[in-house]
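Asker: Protein sequences, first through last, are from chains L and S.
Take -6 as the starting number for the first sequence in this note's numbering and just add one per residue.
Take 1281 as the starting number for the second sequence in this note's numbering and just add one per residue.
Bear in mind the hints are in silico, worked out from the structure with no lab data behind them.
Using N, Cα and C, we set each Cβ at its ideal position, and we do this for glycine too.
Some hints could be false.
[Stated by the list, open to error] Calculated cross-link-like contacts (lysine-lysine; reagent style BS3-like; alpha-carbon spacing at most 25 Å):
(1) S/K1340 x L/K96
(2) L/K94 x S/K1438
(3) S/K1438 x S/K1340
(4) S/K1764 x L/K0
(5) L/K262 x L/K338
(6) S/K1748 x L/K54
(7) S/K1748 x L/K96
(8) L/K54 x S/K1747
(9) L/K262 x L/K333
(10) S/K1747 x L/K77
[Claimed, not checked] Partial chain L-side listing against chain S, Cβ under 8 Å, derived:
(11) V(-1)
(12) E2
(13) I8
(14) L17
(15) P18
(16) R57
(17) F59
(18) V93
[As the list claims (entries may be wrong)] Cβ-Cβ distance ranges computed for the label pairs, FRET-style:
(19) L/N249 x S/M1604: 57 to 67 Å
(20) L/G37 x S/L1773: 29 to 39 Å
(21) S/S1770 x L/E43: 55 to 65 Å
(22) S/S1770 x L/R47: 22 to 32 Å
(23) L/N52 x S/D1597: 49 to 59 Å
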Amino acid sequence: MRDVLVKLEALGESICVQLENGELPFIDIPSRTTSNIIYDKAEGRFVLGEARTRRTTSNVKHLRAFTQTVWMAYMAKRLIEEGKSTTLRDLYYMAESYGVKFKDQQESDSIIADLEALLGVPREQLRIFPEERATVYGDLTIKYNVQGYEKTTLNLTASPDGVAIGPALAGAEFQNCGAERVIMVESGGMFTRLIEERAHEKFKALLIHTAGQAPRLARQFAYRLRRELGLPVYVFTDGDPWGAHIAMVVISGSANAAHVDSIVIPDAKWIGVLPTDIEEYKLPFEKFNEKDWKRLHDLMADPRYQSPFWREQLKRFEEEGRKSEQQALSIHGLSYVTEKYLPEKFA
Amino acid sequence: MEVLIMQPAFGEISVSDFFYRHRELAGFSNPSRATYMVIREAVENSLDACEEAGILPNIKVSLSYTGDELCHLRVEDNGPGVPPSEVPFAFGKFLYGSKFGVRQSRGVFGLGITMALLYSQVTSGRPARIIVSNGGDIFEVKLRIDIEKNMPLVEGKKRLANMEEWHGSIVELYFKGDYPRAEKRIMEYFKLTSIASPHAEIAFTDPAGDQHLFRRSVEKAPKQPVETLPHPHGVDAEMLRRLLKRSEGKSLLSFMVKSFQRVGYATARKFLESAGFSPHQPTSTLTNDDVLELLDAMRKYSFPPPDARCLSPIGEDALRDAIMRIFEPEFVAVCERPPSVYLGHPFIVEVAVAYGCKGIEGEIVLYRFANRVPLIYDAHSDVSMNVLRRFNWGSYLHVRPQATAVFTHICSTRIPFKTAGKECIADPPEVEREIELALKECCRRLKTHLTGRVSVEERGRRFNAYKKYLPKIAQFASELAGRKNAPNVSLILERILEGKN
Ligand SMILES: Nc1ncnc2c1ncn2[C@@H]1O[C@H](COP(=O)(O)OP(=O)(O)O)[C@@H](O)[C@H]1O
Ligand SMILES: [Mg+2]
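Starting from the given sequences, assemble the full structure and let the hints guide the process.
Answerer: Structural data, given as structure tokens:
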């Protein structure tokens, strides 16, 4: 936290000095355009190149965005100093009372991304979080370290619906863990199924419901489980290019957040639904639609998919043009996934 | 018995007799318009003569009343004068003049000043007095016209010593006029003349004795237009017959080359062969039908466009300066079009749009010129008026024109006048099109200017943006830096307000 505050202060100081010298201040922000996003093979993730864009108040068209960026930094400083957190949406609304109004939330989200790139710090460290929350369920006892909850501990089986992975949980201390693996699950239906089928006991698993593409907090949480507790991470999604990509982002991070995303779990594994599973488990399937094909072709061109395993998966998709949801497994009975499918995956 | 039907008596009238009976055709329809016409014809001749001699014109015009309706006009110029032997014919015979060649001039029919003399004679009964000198002796001629015969009648001739090396012409006439009703138009005529001929200085003393001085704004006489041969597209059957007659005995090839502009030996050979004539055929062997066939072939063949060196446009700079001086507009957009052709006659269109003029009420006023002569009457059916009426300002300008003067100048070896009064121009499509294109170009230029003016508002908006955001930036940045006081931005704001940042 100290580092971040130092960086924020330095930003403010440089602007003050420019103003005192009678200059119209500018800042150079690492460029987030696709041409500056580079795949770093050694790290197995995307990083930003050297390109910088200058946001300068000498251009009246940049004036508003410049003010918004400085305001955003100022808000981050206050959040950190006051030990508070906020959401992307809150910030969008709060801006108005400071006279820096955003057109829409997309604009304010993009200013936050600029600030992340400028400081080289993910927004979570600036105490800014997205609205969507993943949930987690399983035998892990945590101890909060947010104000007012310093003494509170919680076992993550406390609620049958799971516990939301918000900033407090993401930063909590891990105390006791009966789990031996993490399973990240795409759909809510499958998450509930697994809890009802007591998969957390059968497979000694912490179940994380990603609700589609995993939010950064959920990935960060899984990352900590991998690093601090040594738990292997498995990703269980629908059997289509979109599901494959949920797994890929867990493994290699996202390109959109190349400027800050160091949350990568290179040894996380995609266990299904694999394109080969459709045949093997006799799953009902649908034919690819146009969007699926486009997505598949995008993935085939993506440098993250060049390993033999991933190339094989995409090739199967391409040959068959078939997709199947997680819940298609229920065609063989509700317990099929825990009785037959997952045991074979972990065998 | 043989009964014969009575046949009317046949007779012939002279040109002068014709114009005596139909003077409205030449613009002398009533005393007020005639007052304007008389002045105009004399001034035009002075300008033509000075220009041809390369002299910067100094013209003195004075008009006074000698009776109830009887006016006396005196116009003096510093031109080359007229050879004394030619004076009676030039001033006293219709269709006699020195301007029949193919080049731009104000006069064209050899009719103008003679018509003024005729009008003077029939309304006052008094002869005209013409005084000329080329710098040597001064000659004074008193002149009447034998209207029935179209012949000058010299009433008196004097030869005077020239003490001051004066050169030029003086014309003095008495006529029935109506200055009060013509005053507005006459003053407009002078004002506009000094736009179209900015190298001329004109002093006008009106009947009340007040002198109006129209100064020159260009110290150089315009380049004399070069006299040229006719263009093959500019001749009709009669003209072609005359030209052929002049070169009797020559081959068709040399006839084409020597008689027309823009026709070299190669062009002539190609043209004649394509028209099915032998280049070596003597012109004298052409039958009537051959001549018509040749004419038809000439019309269809695409010769290089006419030579425009015979034209003398005012020029964008001179036109702009003159308009600036006289109308004091906020902005003038000027456009001189490249030379173009109608019926074989080269012409150039110049258009100026003066925005925000002093003394113009309402939106748009049109001022027309032809061969540097302002056209004051008969605007309603003029080609420029037609173009202007149809012109959709909205599609070229983002604002309504305000206090705007539109100037159109057409110069040509042959202005397509509708009448001998030379006030109203007909509308060949080519001419119409050129006027429209020039007008559009002016609008584009005007628009750029007006947009530039909007940028004054733009600068205000810019300043407001800085006034709003800079203090905020200073405030957030100082809090970020953990400073107590925000940097002062008022100096930066001041510079922005002055447009320096
Ligand atoms: N002020 C003048 N100075 C010199 N020549 C003149 C002057 N006025 C008239 N002339 C001569 O008289 C001729 C006839 O004039 P005018 O009847 O007006 O016919 P136009 O001007 O059409 O030729 C002119 O062509 C010109 O040669
Ligand atoms: Mg004349």
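Asker: Give a verdict on every hint.
Answerer: Hint check:
1. For the hint pairing S/K1340 with L/K96, the CA-to-CA distance comes to about 72 Å; that exceeds 25 Å, so the pair is violated.
2. Between L/K94 and S/K1438, the direct Cα distance comes to roughly 94 Å. Violation of the 25 Å bound is thereby established for this hinted pair.
3. With a CA separation close to 22 Å, the supplied pair S/K1438 and S/K1340 stays within the 25 Å bound.
4. At roughly 19 Å between alpha-carbon atoms, S/K1764 and L/K0 fall within 25 Å of each other, so this suggested pair holds.
5. Distance hint between L/K262 and L/K338 is fulfilled; the C-alpha atoms sit about 11 Å from each other, no more than 25 Å.
6. For the suggested pair S/K1748 and L/K54, the alpha carbons sit about 13 Å apart, so the restraint of at most 25 Å is met.
7. As the CA atoms of S/K1748 and L/K96 are separated by approximately 17 Å, the hinted pair is consistent with the 25 Å bound.
8. With a CA separation close to 14 Å, the supplied pair L/K54 and S/K1747 stays within the 25 Å bound.
9. For the hint linking L/K262 to L/K333, the alpha-carbon distance of about 19 Å falls within 25 Å, and the restraint holds.
10. With a C-alpha separation of about 32 Å, the suggested pair S/K1747 and L/K77 falls outside the 25 Å cut-off, and the hint is violated.
11. Contact between L/V(-1) and chain S, as hinted, is not supported at the beta carbon level, the nearest pair being about 11 Å apart and thus beyond 8 Å.
12. Interface restraint check: L/E2 against chain S, minimum CB-CB distance 6 Å, threshold 8 Å, status holds.
13. Evaluation of the L/I8 hint against chain S yields a held restraint, the C-beta minimum of about 4 Å falling below 8 Å.
14. At about 7 Å, the closest approach between the beta carbon of L/L17 and any beta carbon in chain S falls short of 8 Å, and the interface hint on this residue holds.
15. Of the supplied interface hints, the one on L/P18 holds, with its beta-carbon coming within about 7 Å of a beta-carbon of chain S, less than 8 Å.
16. The restraint placing L/R57 at the interface with chain S holds, with a minimum CB-CB distance near 7 Å, inside the 8 Å limit.
17. Satisfaction of the interface hint for L/F59 is found here, the shortest Cβ-Cβ separation to chain S being roughly 7 Å, below the 8 Å cut-off.
18. Given hint, L/V93 at the interface with chain S, holds; its Cβ is 7 Å from that chain's nearest Cβ, closer than 8 Å.
19. Range check, L/N249 to S/M1604: about 60 Å between beta-carbon atoms, so the 57 to 67 Å window is met.
20. For L/G37 and S/L1773, the Cβ-Cβ distance of about 50 Å falls outside the hinted range of 29 to 39 Å, so the restraint is violated.
21. For the hinted restraint 55 to 65 Å between S/S1770 and L/E43, the CB-CB distance of approximately 38 Å leaves it violated.
22. Take S/S1770 and L/R47: their Cβ atoms lie about 25 Å apart, and the range 22 to 32 Å holds.
23. At roughly 38 Å, the beta-carbon separation of L/N52 and S/D1597 lies outside the given 49 to 59 Å, and the hint is violated.
In this structure, the earlier hints numbered 1, 2, 10, 11, 20, 21 and 23 are contradicted, and the remaining ones agree with it.
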